[in-house]
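**Student:** The chain contents come next:
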Amino acid sequence: MSEEKTFVDDINRSVYDIRDEEKDAYRLEEGLTEEIVKKISEEKNDPEWMRDFRLECLKIYNSLEVPQWGPGIEGLDMDHISTYVRPNTKMKNTWDEVPEDIKNTFERLGIPEAERASLAGVGAQYDSELVYHNVMKEVEEQGVVYTDFESALKGEYADMVKEHFMKLLVPSDHKFNALHGTVWSGGSFVYVPKGVKVSIPLQSYFRLNAKGAGQFEHTLIIVDEGADLHFIEGCSAPKYNVANLHSGCVELFVGKNARLRYSTIENWSKNMYNLNSKRAIVEENGRMEWVSGSFGSHVSYLYPSTILKGDNSTMEYTGITFAGEGQNLDTGMKVIHAGKNTSSVVNTRSISKSGGISTTRTSVQVLPKAKGSKSVVSCESLMVDNISRSDTIPVMDIRCDDADVGHEASIGSIPDDAVFYLMSRGLSEADARALIVSGFADNVSRELPMEYAAEMNNLIRLEMKGTIG
Amino acid sequence: MSGNLIINSLVPPTWNRLKVNEYELPLPGTLQQDTAADAFKTAGAGTAEGSLHIQTGCGKELSDALKEKGIIPKQILIKGPELVTSKIDYSGDAADVICIKAEEGQTLNILTDITSSADKAAGVLQILIEAAKGSVVNLSQLVRAGRDFTFVNDIGVVLEDGAGFNLSQVFAEGGRIISGYMALLSGEGSSSNVHAGLVRKASQFIDMNYVMRHTAPSTRSETYVSGALMEGGSKTFRGTIDFVKGCAGAEGAENENMLLLDDTVINKTVPLILCDEENVAGSHGASIGRPAEDMLYYMMSRGITRERALKILEKASLDSAVSYISDEKAREYVSSAIEGI
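If you're matching them up, the sequences are chains Z and E in order. So for the first sequence, the working numbering puts the first residue at 1; every next one is plus one. So for the second sequence, the working numbering puts the first residue at 1001; every next one is plus one.
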């Protein structure tokens, strides 16, 4: 059994653990100073307002404390993080033009194949910059804008970007929003015009290859009135023996009668501090759907939040977190019901094994004017062994009598009788337990496109191998 | 000790902006003592000096502050299962630390009825209970203090093997109520059952912090809160089921049912489940909102006005807790006391 575990882990982990030599890359010195921030701004040829914005964010960053309520991040020392590493290539729009080693990495991760099979557009970021970006002609002809963030900042949509950039995730919210505002680099800008329905998903994939570096991509998506989009985000990194940092920001604007689905399968390496922020604001009759799978990282703070601003707007959040050895994953979601007749449905699952710590942290706020609002939250946690930990920390703040809020949470272990039943049907104990855990995660896998659901189930199978014996 | 105390702390804390991580209590500079101890004496219980070192729901800062203010713990001696009704009326700022020991196999029935003849004052009642093997302690509490009165109700219980603690609380009146409860389920097969009913209106508030800490195998806890909020009333309920390593086979359940009767209210619910042990079962359920229209419609179709129907539902929030009082005399006493509400 132990041989099988080693064999399976080695082969499959290597997909994510490919390390490219950092040759010819431009890397700024470690730490966070005004000089470094000015250099990043210069490197990126920022407009003046952005340069000023970065410097203002630095002041905010220095004035804020590290959060005291979550997992410890003592192992993260900003003095030893390089905030900008640029690969030695410009962004390309055909894979053949991407440098061989980088292309091979994305090939092994299956990105070009996924693009051919099931995506309308792909952006691939490598360290601090995008190396590949392409979008289907048919989608472009619909008027959909999908581009790297830097191009958007200076091109035709510059005013739109300026109007929306860090307006939802304001730098003063917390220290890591301020950090992001200071050193952000890369990411995607998407604009879906009124009434346009993008039938095939777009995807951005973020790969952090550099040792001891940070990745701070910014994703801004505006789905205009009556439009429809499914956006997929993937991320991974090879494992190093020093801390890496991911502090991205995702800002989503969902217009009147529009719908946006944002799916993420996160599989950062287990030396990663994943301090990521995501927020959506939804207008009248709009709909926001989150599908979130958190598998990697050493420490995660991740709580996609939604402001249901418009009357009759809705939100659905489906998430799974899998915390294994050496991981402390603090994940969850937040929703604010501000408009009338708004509704939210939340379904989270968490799994802890091999000493992993999983915390599900949620908040539901119903404001006084949100008459007729409804919220249903379900949090289920599974403890796979007795050396792990699982906490559920929900808050409901209800300030409106005409609201209907339900919450249920449960925690438990894998039932012996279910394992016994599957073993009596010929499965090994390990396979039986893996199957039960996969079934537990079914809430997320059934919401993902088939290829991604298969990847997620594979990740669960990998994590479960070797949990017994 | 004139600074504010940080009590009812959420462990572990969550987002600060939600303002649920703790309650800040301005404790009066001077506090008279023995208001509660004398009430127990009047009820026929014996008293003696003696203290217990038990963690409470309000937390260490309150316990330390009481010690610093010279409040001497009093041990209340109760012989048997007969109901001891302690009528505690606060005529000024006062504090008591009451210690109760239930001997092996003993059953105790205790009722505390809290009122206040002084309005702009504060009363602190800390009750520390040690329940020996196989004992059962039934504590019922009725709070009907004045609308400008601040009442701090702080309970700590330690339960040995097979011991049971049943707490029924009826928070009917009282301007500001801060209620803490901690059950340390350290004996195998021990249990904690809490049923709290509350009505908050006319800008009254209640801040609750209830912790059920399971440290021994096969322990059970059940916590049920029902209530009604209206006219600017507000409530924060923190309920924590804490499964500590070694409590295999433990089960904990929390349930909350809150009626919001107008849009001036604030209801905060924070139901934590902390789990450091594999073979346990924890669950939480909450239902928060206005009364179901079909229920109101049914009542109105039977000739009851909407106003009266809401009043009935408000009262039902308290009755739910009353119905769990196991001692018949105590149940009748509380039921009759809240009749007019």
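Since the hints were derived computationally from the structure, they do not count as laboratory data. Incorrect hints may appear among the rest.
Stated by the list, open to error - Distance ranges between label pairs, derived from CB positions:
1) Z/N93 x E/V1011: 48 to 54 Å
2) E/D1294 x Z/S378: 22 to 28 Å
3) E/G1285 x Z/E100: 27 to 33 Å
4) Z/D385 x E/G1092: 54 to 60 Å
Just so you know, even glycine gets a beta-carbon here, dropped at the ideal spot from N, CA and C.
**Student:** For every hint, state whether the structure bears it out.
**Tutor:** Going down the list of hints, with the structure as the test:
1. Z/N93 x E/V1011: 48 to 54 Å: holds (53 Å)
2. E/D1294 x Z/S378: 22 to 28 Å: holds (24 Å)
3. E/G1285 x Z/E100: 27 to 33 Å: violated (57 Å)
4. Z/D385 x E/G1092: 54 to 60 Å: holds (56 Å)
The structure fails to meet hint 3 from the earlier list, while all remaining hints are met.
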